[in-house]
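Here are the chains, one letter per residue:
Number of protein chains: 2
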Amino acid sequence: MPVSDSIQAEMQKVNALFGETVVKGRNFAALDQVYTVDARILPPGADLIEGREKIKDFWKGAVAGMNVQDARLVSVNAHLAGDSIIEVGRAKLFLPEGQSAEVKYVVEWKQEGGAWKWHTDIWNMNA
Amino acid sequence: MPVSDSIQAEMQKVNALFGETVVKGRNFAALDQVYTVDARILPPGADLIEGREKIKDFWKGAVAGMNVQDARLVSVNAHLAGDSIIEVGRAKLFLPEGQSAEVKYVVEWKQEGGAWKWHTDIWNMNA
Numbered sequence: 001m002p003v004s005d006s007i008q009a010e011m012q013k014v015n016a017l018f019g020e021t022v023v024k025g026r027n028f029a030a031l032d033q034v035y036t037v038d039a040r041i042l043p044p045g046a047d048l049i050e051g052r053e054k055i056k057d058f059w060k061g062a063v064a065g066m067n068v069q070d071a072r073l074v075s076v077n078a079h080l081a082g083d084s085i086i087e088v089g090r091a092k093l094f095l096p097e098g099q100s101a102e103v104k105y106v107v108e109w110k111q112e113g114g115a116w117k118w119h120t121d122i123w124n125m126n127a
Numbered sequence: 001m002p003v004s005d006s007i008q009a010e011m012q013k014v015n016a017l018f019g020e021t022v023v024k025g026r027n028f029a030a031l032d033q034v035y036t037v038d039a040r041i042l043p044p045g046a047d048l049i050e051g052r053e054k055i056k057d058f059w060k061g062a063v064a065g066m067n068v069q070d071a072r073l074v075s076v077n078a079h080l081a082g083d084s085i086i087e088v089g090r091a092k093l094f095l096p097e098g099q100s101a102e103v104k105y106v107v108e109w110k111q112e113g114g115a116w117k118w119h120t121d122i123w124n125m126n127a
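So the protein sequences, as listed, match chains H and L. Read left to right, the first sequence gives residues 1 to 127 (this note's numbering). Read left to right, the second sequence gives residues 1 to 127 (this note's numbering).
Extracted from the complex, chain H is given alone in its bound form (with noise of 0.2 angstroms):
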């Protein structure tokens, strides 16, 4: 079932907040709107990683070695499937020098306190 326009522009604010605030701003606060606290990333070149503060720690870490200075995310699809969202998209990573890497993903949203966050996080690089 396709997700509504209102789930839709909620899921957006989402993932500008995760690329404007956390990654290009270095608010690792903010996790806490993007993370359902039991969520689990499971980054490339790393083992799966579950709960919410080892995920920041996680982020906190990557942003820094790879000096990230910004990240924008697309929605290729979501839908509803009963209580999460499954959504595939696209980011683009704006690392230092000009230089960029396209990165797609798969995310399984899941709301808490009626809010829509991601509680399975999957991403890889294009090249």
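I should point out that these hints are in silico values taken from the structure, not numbers from a laboratory.
Identical copies carry no separate label here, and so any pair may be met within one copy or between two of them.
Here are the simulated BS3-like cross-link-like pairs (lysine-lysine), alpha carbons at most 30 angstroms apart as the crow flies:
1. K13 / K110
2. K110 / K24
3. K24 / K92
4. K60 / K92
5. K24 / K13
6. K56 / K92
7. K54 / K13
Assemble chain L onto chain H, guided by the hints.
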């Protein structure tokens, strides 16, 4: 909601079919029993690929290219979400000369013709 024992058993059969029949046995026609007809995969190092026929071409090329000898998939957890199942798992790829690679994945399963199949499949390497 957790998946029932009988669905878990069905998922294990499909996961084993992928490893034993497709990868080890080089039987790519068997992917009809693994992927839905409109499935999409998100492979590392390539763009999104949509549709079972294109997915067969991808796996033919990828298995030959890395000369993968075998693949073993282990479910970490799986839960029902509406008409879908969200599975997080690990896989080990057996490569020539005793080499191997650790992979993790997220698969969204859907029913097609009464059988559970992979509908959205994304993975990456742990190292």
